[in-house]
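There are 2 protein chains.
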Amino acid sequence: MSVYDAIRLRRDVRAEFTGDVVDEGTLWRILEAAHCAPSVGNTQPWDFTVVRDRQRLRTFAEHVAGKRREFHDSLPPERAATFDPIKIEGIEDSGTGIVVTYDHGRGGEHVLGRATVPETGVYSAVLAIQNLWLAATAEGIGVGWVSFYDSEFLAELIGIPAGIRPIAWLCIGPVREFQEVPDLERFGWRTGRALSEAVHRETFGRPQDDMR
Amino acid sequence: MSVYDAIRLRRDVRAEFTGDVVDEGTLWRILEAAHCAPSVGNTQPWDFTVVRDRQRLRTFAEHVAGKRREFHDSLPPERAATFDPIKIEGIEDSGTGIVVTYDHGRGGEHVLGRATVPETGVYSAVLAIQNLWLAATAEGIGVGWVSFYDSEFLAELIGIPAGIRPIAWLCIGPVREFQEVPDLERFGWRTGRALSEAVHRETFGRPQDDMR
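Going down the list, the protein sequences come from chains A and B.
The first sequence stops at residue 213 when you use this note's numbering, and every number in between is there.
The second sequence stops at residue 213 when you use this note's numbering, and every number in between is there.
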């Protein structure tokens with residue numbers, strides 16, 4: 002699959018997992034793709050913990066369900082009603098979680114390129130996630146990034162040592178289809194904006210002439 | 002170009018820019034790729050400021066050169082000697098900078114998925130960068146992420162409003178070639194580690210059996 006097709010087809014998947022578990026060869030290829038990501042000072046500060054134990058998946062799903070209720074209850078009634086039908090995770094349906102973590106200690110004291118912008122460390126781990134996501138799309142594997150959780154809970158659940166930070170729980174599994182329209186648009190939560198609104202010329206806020 | 006080829010060929014480019022400027026059609030396609038990225042709550046919290054004014058590029062390059070000297074001077078002698086030949090930016094050579102910024106205010110008060118992990122906002126902007134990077138690679142366009150700068154200096158240089166945060170300066174331009182081996186490995190700064198060291202099973206630190 003071409004880069005542009007993967008970028009266009011990629012979705013944040015919640016409801017379309019088939020229930021089959023991704024095979025090991027495919028899983029390894031998408032992890033290799035993640036591991037090819039650029040990283041500040043070539044530190045590769047990411048780790049990937051693959052979680053498949055059914056009880057552990059259930060425990061995490063229950064925690065996430067609680068966080069979903071908290072968010073629901075924080076919303077004004079109209080927004081809560083819009084939120085109601087939106088599925089926010091496929092933790093058990095996908096059968097595989099990949100927890101991506103960030104180790105700020107990787108690379109020692111003198112990390113080339115991180116002295117002025119320390120956040121470039123964690124940004125590296127996020128770049129790896131997008132590599133993984135696009136490779137998965139090319140393999141017909143769905144990825145759903147779950148962020149309804151407390152970091153401390155997740156750290157405890159899979160035994161992340163102090164000083165290492167969870168960045169994401171990714172639900173990974175074969176899908177029936179990729180939706181054409183992102184869920185949050187389909188369910189009327191929030192629509193996107195035009196690219197031309199996001200592009201500026203020379204200085205921020207100076208509108209984009211059509212460059213095409 | 003296939004996803005996997007782009008992931009494999011992608012380099013953080015400093016020295017291989019041809020001096021030609023990326024054409025507007027290509028630039029727009031890679032910005033479209035960035036804009037297709039997933040974002041928490043569909044907030045699309047990124048903006049892209051395209052900088053080509055020669056004087057502005059020079060001013061930024063001089064600032065970065067100063068930060069390079071500061072980093073050099075912070076190193077023990079042996080590391081400083083290893084660092085010396087490493088080029089860290091192609092700001093003027095590439096002829097185009099894209100400043101990626103993050104707006105935490107985008108999406109209003111109730112951002113779906115950001116309540117528990119607020120950093121997912123800025124992570125979204127980083128995912129967009131990796132989309133851009135891979136699309137550029139497929140177009141034969143090099144991308145070099147510069148992080149030797151003070152955020153306040155960059156914000157002032159291109160007039161970023163308060164509350165909006167610069168994430169990256171990306172040097173964008175046609176390249177002669179993509180190096181096969183990352184610069185920091187070629188110059189002996191730091192080598193990568195095996196994927197198997199980064200993958201864990203069920204809990205962090207439990208070694209990966211070979212899953213292939």
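Hints in this document: simulated from the structure, not taken from any laboratory.
Nothing here was measured: the structure is a model prediction, and the numbers come from that model.
Hints may be right or wrong, so weigh each one.
Treat identical chains as interchangeable: a pair holds within one or across any two.
[Unchecked claim] The calculated lysine to any residue pairs, modelled on SDA-like cross-linking and capped at a C-alpha distance of 20 angstroms, are:
no., residue 1, residue 2
1, K88, R194
2, K88, H111
3, K88, A116
4, K88, H105
5, K88, D74
6, K88, T117
7, K88, L76
8, K88, G20
9, K88, G106
Please sort K88 with L76 into within, between, both or neither, judging by C-alpha distance up to 20 angstroms. Answer is within; shortest intra-copy Cα gap is 16 angstroms, inter-copy 50 angstroms.
State whether the alpha carbon distance between K88 and H105 is at most 20 angstroms within one copy, between copies, both, or neither. neither (33 angstroms within a copy, 24 angstroms between copies)
Reference check for the pair K88 and D74, CA-CA at most 20 angstroms: within, between, both, or neither? Classified as within: same-chain Cα gap 16 angstroms, cross-chain 52 angstroms, threshold 20 angstroms.
At most 20 angstroms between alpha carbons: which applies to K88 and R194, within, between, both or neither? neither (23 angstroms within a copy, 37 angstroms between copies)
From the Cα coordinates, with 20 angstroms as the cut-off, is the pair K88 and H111 best called within, between, both, or neither? between (43 angstroms within a copy, 17 angstroms between copies)
Copy assignment of K88 with T117, given that the CA separation must stay at most 20 angstroms: between (40 angstroms within a copy, 17 angstroms between copies)
From the Cα coordinates, with 20 angstroms as the cut-off, is the pair K88 and A116 best called within, between, both, or neither? This pair counts as between: shortest inter-copy Cα distance 16 angstroms, intra-copy 40 angstroms.
Same-copy or cross-copy closeness of K88 to G20 [CA-CA at most 20 angstroms]: within (16 angstroms within a copy, 49 angstroms between copies)
With identical chains treated as interchangeable, where does the CA-CA distance between K88 and G106 reach 20 angstroms or less: within a copy, between copies, both, or neither? For K88 and G106, the Cα distance exceeds 20 angstroms both inside one copy (36 angstroms) and across copies (24 angstroms).
In summary, the numbered hints that this structure violates are 1, 4, 9.
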